[in-house]
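Chemist: Protein sequence lines correspond, in order, to chains A, B and C. When you number the first sequence by the numbering used here, it's gap-free, plus one each residue, and the end is 283. When you number the second sequence by the numbering used here, it's gap-free, plus one each residue, and the end is 363. When you number the third sequence by the numbering used here, it's gap-free, plus one each residue, and the end is 503.
I should point out that these hints are in silico values taken from the structure, not numbers from a laboratory. Quick caveat, the model's predicted, so the values are computed rather than measured. From the three backbone atoms N, C-alpha and C, an ideal C-beta is built for every residue, glycine too. Do not rely on the hints blindly, as some may be mistaken.
Stated by the list, open to error - The calculated lysine to aspartate or glutamate pairs, modelled on DMTMM-like cross-linking and capped at a C-alpha distance of 20 Å, are: (1) C:K162 x A:E257; (2) A:K200 x C:D454; (3) C:K197 x A:E145; (4) A:K263 x C:E161; (5) A:K200 x C:D322; (6) A:K185 x C:D454.
Stated by the list, open to error - Derived coverage of chain C by chain A (criterion: at least 3 residues anywhere in the stretch with Cβ under 8 Å from a Cβ of chain A; other residues may be distant): (7) 107-115; (8) 426-437; (9) 448-454.
Here's the letter readout for the chains.
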Amino acid sequence: MEARQETVEIPEALKVVFARLEEEFGGRLLGSSFFRGELTFTVPVEDYIAVLKYCRDTPDLAFERLDSLLGNHYPGRKEAPMEVVVHLTSVSKNTRLRLKVMLAEGQSLPTATGVWPSADWDERETWEMYGIQFDGHPNLIRLLTTEDFEGFPLRKDFPLQGTVGGRIRTDLKGKI
Amino acid sequence: MTDFIFLLIKAILWVAVGVGMVPFIIYFERKFAGFFQSRMGPTYAGPWGVLQSFGDMAKLLSKEDLIPDWADKPVFRLAPYILFVPAFIVMALIPFGPMGVEIFGYTVDLVIADFDAGVLLFLALGTVAVYGIVFAGWASNNHWSLLGSLRSGAQMVSYEISMGLALVGLIILSGSLSFVDIVDGQAGNFWNWYFIPQIVGFVIFYVASIAELNRAPFDLAEAEQELVAGHMTEYTGMRWGLFMFGEYVNMVVVSAVMATLFFGGWRAPFEALDFIPGFIWLVGKVLFFVFMYMWIRWTLPRYRYNQLMDIGWKIFLPLAIANLAVTALIVSVN
Amino acid sequence: MGGAPTNGHAHGAEAVHRPTLEELKERKIRTRQRVHEGQETITVSMGPQHPSMHGVYQAVVDLDGEIIVRTRPGIGNLHRGVEKLAEQMTYHQFIPVTDRLDYVASFAMNHGYCEAVEKLMGVEVPRRARYIRTIAHELVRLANHILWLGVHIMDFGAQTFFLICFRDREYILDLFEMVCGARLTHSYARIGGVSKDLPEGWVGRCRSVVEFLPKRFDEYERLITANRIFNKRARNIGIFTSEDCNAWRITGPTLRSTGIARDLRKDEPYAAYDEVDFEVAVEYNSDVYDRFLVRMKEMRESCKIIRQCLDNLPDGPYLAHDAAHVLPLKKNVLRDSAAMIQDFMHVLRGPQVPKGEVYRAIEVPKGEMGVYIVSDGGPIPQRLHLSTPSFYHGQAVPPMFEGEMLADSVGIFGSIDVVLGDCDR
Chain A
108 MEARQETVEI PEALKVVFAR LEEEFGGRLL GSSFFRGELT FTVPVEDYIA VLKYCRDTPD
168 LAFERLDSLL GNHYPGRKEA PMEVVVHLTS VSKNTRLRLK VMLAEGQSLP TATGVWPSAD
228 WDERETWEMY GIQFDGHPNL IRLLTTEDFE GFPLRKDFPL QGTVGGRIRT DLKGKI
Chain B
30 MTDFIFLLIK AILWVAVGVG MVPFIIYFER KFAGFFQSRM GPTYAGPWGV LQSFGDMAKL
90 LSKEDLIPDW ADKPVFRLAP YILFVPAFIV MALIPFGPMG VEIFGYTVDL VIADFDAGVL
150 LFLALGTVAV YGIVFAGWAS NNHWSLLGSL RSGAQMVSYE ISMGLALVGL IILSGSLSFV
210 DIVDGQAGNF WNWYFIPQIV GFVIFYVASI AELNRAPFDL AEAEQELVAG HMTEYTGMRW
270 GLFMFGEYVN MVVVSAVMAT LFFGGWRAPF EALDFIPGFI WLVGKVLFFV FMYMWIRWTL
330 PRYRYNQLMD IGWKIFLPLA IANLAVTALI VSVN
Chain C
79 MGGAPTNGHA HGAEAVHRPT LEELKERKIR TRQRVHEGQE TITVSMGPQH PSMHGVYQAV
139 VDLDGEIIVR TRPGIGNLHR GVEKLAEQMT YHQFIPVTDR LDYVASFAMN HGYCEAVEKL
199 MGVEVPRRAR YIRTIAHELV RLANHILWLG VHIMDFGAQT FFLICFRDRE YILDLFEMVC
259 GARLTHSYAR IGGVSKDLPE GWVGRCRSVV EFLPKRFDEY ERLITANRIF NKRARNIGIF
319 TSEDCNAWRI TGPTLRSTGI ARDLRKDEPY AAYDEVDFEV AVEYNSDVYD RFLVRMKEMR
379 ESCKIIRQCL DNLPDGPYLA HDAAHVLPLK KNVLRDSAAM IQDFMHVLRG PQVPKGEVYR
439 AIEVPKGEMG VYIVSDGGPI PQRLHLSTPS FYHGQAVPPM FEGEMLADSV GIFGSIDVVL
499 GDCDR
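So here's chain A without its partners, still in its complex pose:
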C-alpha cells in the first residue's frame, strides 16, 4: 500500500528548519521528505556531525535535545543496508526533526557523544544490536545483552530460533 498523499501544509517552524538546512548544506544533503507532519533529512556520513552541531547551535533551529538515536537494517538495499536515524527536538521552538544516515556494511559513523552526551547509551545499543561502529565512542561495549553474546540481534538476518546468541557458558564450569 502506497503512502497517502499528504495534504497537510508544512508548519511555519519546520519551513524555517528546512530553509536553514538547505541554505547551509544545500546540495550535500541526500534528500528530504515530509510525512505526517514530520520532516526528514538524509545526511551524508561526512556531514553528520556538522549537521548535528549546526542544528544544536543555530539560534533559529535550537535543537537542544537528541531525542533518540537508533539503527535500522534494510537487507534489500545492497549498497547501503544500514541506517542510523536521529531524532532532534527543540524544546524552545517545539519542533522535531529527523536525520538519517545511510551506511554500507561495515562502514562506521563518527560518534555524537561529543555533541550530546545522551547519545552514549543509544550508540552502544545501536552497536550491539546492529554492529554499526561509532568512531571515537568512549566506551563501545555491549549494554543490554551479556558480554559474551554473539551476533547483532536486531538485524533482519538474525536467526529467530536456535542458540546462537545467549548460549550457556560451559567452559566456565568449575571456575566460578
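Once you have looked at the hints, place chains B and C on chain A.
Modeler: Chains B and C alone, transformed into the frame defined by chain A:
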C-alpha cells in the same frame, strides 16, 4: 548467705523481666508499625499474633550459622555479645523499689547493685556497646559493613559527649552519682522529678539516646536504603538475631535509665498512688519511652551522616554546656 | 535545628527565590569540588540486588569516604528484546507487550504506542475514546506518582509513608480493575480507541476517588513537605540544571523542576488534553526536593483534569469505525458478518498500514516516551523503536552522583524515577 540468695533472686528476676520483655516489645513494635501503616501487623502466631517473636526466634535458631570465609572469625563471633552484655550490667544499677523493704521478715534493698558512681558506669558501658558494632563491621570484611561501623563509631563519639554533659547538670542538682540517691532526690509528687528543672538536659539525653541506640531517624549504621544492613550485612541466623535482641535490650535499658534519672524511677507520680508497687511504675515508664522510640522510628525519615554530626556538635554540645552552666549557677546561688 | 532556613510550606504566599542558571551551576560545581582526584577509594556495587535500588539497576560506585567519586552504571538485566518482538507481530498484538515496559504505568505505555500507530495509519479516534484515554492516562499518572512518592520517601528512611501511599494507590488500581479487569498490566488502549466502554457506576466511583485523593495529598503535605528532616535531606542534592537535562535527554518532572515548562500534554496535545484546562507544574531549584514538589503539583493537576473529563464525558463510540485499521467491536463479531470478516482479517493478517515512518512522543508519567515506527506497508512494523524516559534517566546517573554522598545516592536515583522494565525494554 541470705544476702547472696536475695541477690541471686533479684538478678534472675530482673534479667528475666528485661529479657522477657524483649519478645513482647518486638511484637508491640510490629503491631504499632502496623497501626501506623494502616495494616494488621502479626496475626497468625498465637492469639493476636503475640507468639510471633517466639516463632521468629525458633526460625533464627534453626538457621544455618554462616560465617564468611574472609571474616575475622573470633571477632565476628564476639561482636554480637559485646553489644548486649553491657546493657545487662547497666540493668543491675537501676533500683526498682525502695531500699530496706521487709519481705518475709528479711530486709531487702530493691536494687541489685547500689553503685556509688552508677551514672558514670552507665556512660562508660554505653561506650563499650559501640565496640560491638565496630567489631562486627570490621570483622565482616565487607564494604557495606565497614561503612556502617565507621558511621556508627563517629556517631557514638559525637553523641556520647552531649549525652554525658546533659547528665552533668542533673548530677549537680542531685549531688550524687548513684542511681538510688538520684531516685531518692525525686521523692514526692511528680513536680519534684528532675525532668522539670532539667528539661533541656532531658531532651538532649533523649535525642542522643536515639542516636546511641541506632534507631531511626539516626539509624545510620544499618541504614537499609544505603548500606544494605550496615554492620549486620554478613550476619545470619541467631547471630543476626542477637544483634536485634541487643538493640531491644539496649532500648529497654536506656528507657529505664531515663525513667530513673528524669522521671522518678520507681516512684509514683503522686504520693497517694504509692500503694501500687514501684516495680510496676518503672515498667510502665519504660514502656512509655519505648513507645516513644517506636513512634519516632515509624514517622520520620533518616538524617544524613553529616547532618547528624552537625546536630551533635553544633547544637547539642553547646546546648548541653549552656544547660550545665545555668544549672551550676542556680545551684551555687541557692 | 540550625542549618539553612527552610521555607517550610512551598505553597506559601511568600516570594520564592528563583535561582538563575549560573547559581545552580555554581552549586553543582561546589558539589563536584568535594571529589579529590588521586584519593584511595573503595568500590561498592549498589544493585542489582541492593535492597533499595529501584529494580535491577546496577551502579558500581567508587567512594572516597562517603563521597561518590565515580559511578559505573550497568543495565540490561531485564532486557527482553521488545523491539525485536515488535518486528514479529502485528500492530494489534504488540499492545500487551507495551504493558511490560513501564509496569507501574502500563496504560501510559499502551497509549503512547497506540497514538504512534494511529498517527501512522491516520486513524481518527472518537471523542469519547479520547476522553476515556485522558482519564485513564491521568489515573495511571496518579498511580505512578503515588507509588513513586512512597518509594522516594522510603529512600530517605521513612518507612510508614510507603504503605500509606500503597493504600491510596489501591483506589486507582480498583478503578482499573473495574474498567479492564487488570490491575497492573492494563492493555486497555486499542488502535483507534479503547478496548471496553466504561462500566456502569464507574464514573461516579472515579469522581469520588478524585474528590477524595486531594485530601490525602494534604495529608502527605503535612507529613512530608514541611518535614524538617526531609527538607534538610532533599534540598540542594542531585542538582541537574536545564542545560544538563537537555544534554542528557532528561524529561518529565525532572526537566520541569529546572524551570522549563515543557509538557507534551500542552506542547503537542493528544487525546483530550487540548480540551481541558490545567497548569504545567514547574519548579526552579532543579534539586531532589523540587522534583518532589513538581510531582505533588502534578498529582493535583491530574485530579483536576480527570474531574473536567468526567464532567464533559461525551457519548458516542469508544472505538473508531475504520475497517482497514481497527478491530471491530467484540460484541458485533458473532452477530454481524462484516464485523466477523473484519475480525478475521485483523487477527489472521493484520491491519492495512501505509508505507512511511512516524515518531510520536507523549508525556508518560516518567517523562517523554517516543515511539518510532517504520512501516514497509505490511501488517507488521519493519522497525519499532521505543525511546523510553527511564533509559535516558538511568544513563544520566553518573553525572548526577558525582560528588554527592552515598546516603543521598539512593534518593537522587529515586528522584529521577527509573523503572527498569522501561529502561531495559
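Chemist: If a hint holds in the structure, say so; if it doesn't, say that too.
Modeler: Going through the hints against the structure:
1. C:K162 x A:E257: At roughly 16 Å apart (the allowed maximum being 20 Å), E257 (chain A) and K162 (chain C) satisfy the hint.
2. A:K200 x C:D454: 31 Å, violated
3. C:K197 x A:E145: With Cα atoms ~11 Å apart, K197 (chain C) and E145 (chain A) stay inside 20 Å; holds.
4. A:K263 x C:E161: Answer holds: K263 (chain A) to E161 (chain C) is near 12 Å, not above 20 Å.
5. A:K200 x C:D322: 18 Å, holds
6. A:K185 x C:D454: 17 Å, holds
7. 107-115: Since three or more residues must qualify, the claim that chain A covers the segment 107-115 of chain C is violated, with 0 doing so at under 8 Å.
8. 426-437: Since 8 is at least three, the answer is holds.
9. 448-454: holds (count 3)
Of the numbered hints listed earlier, those contradicted by the structure are 2, 7.
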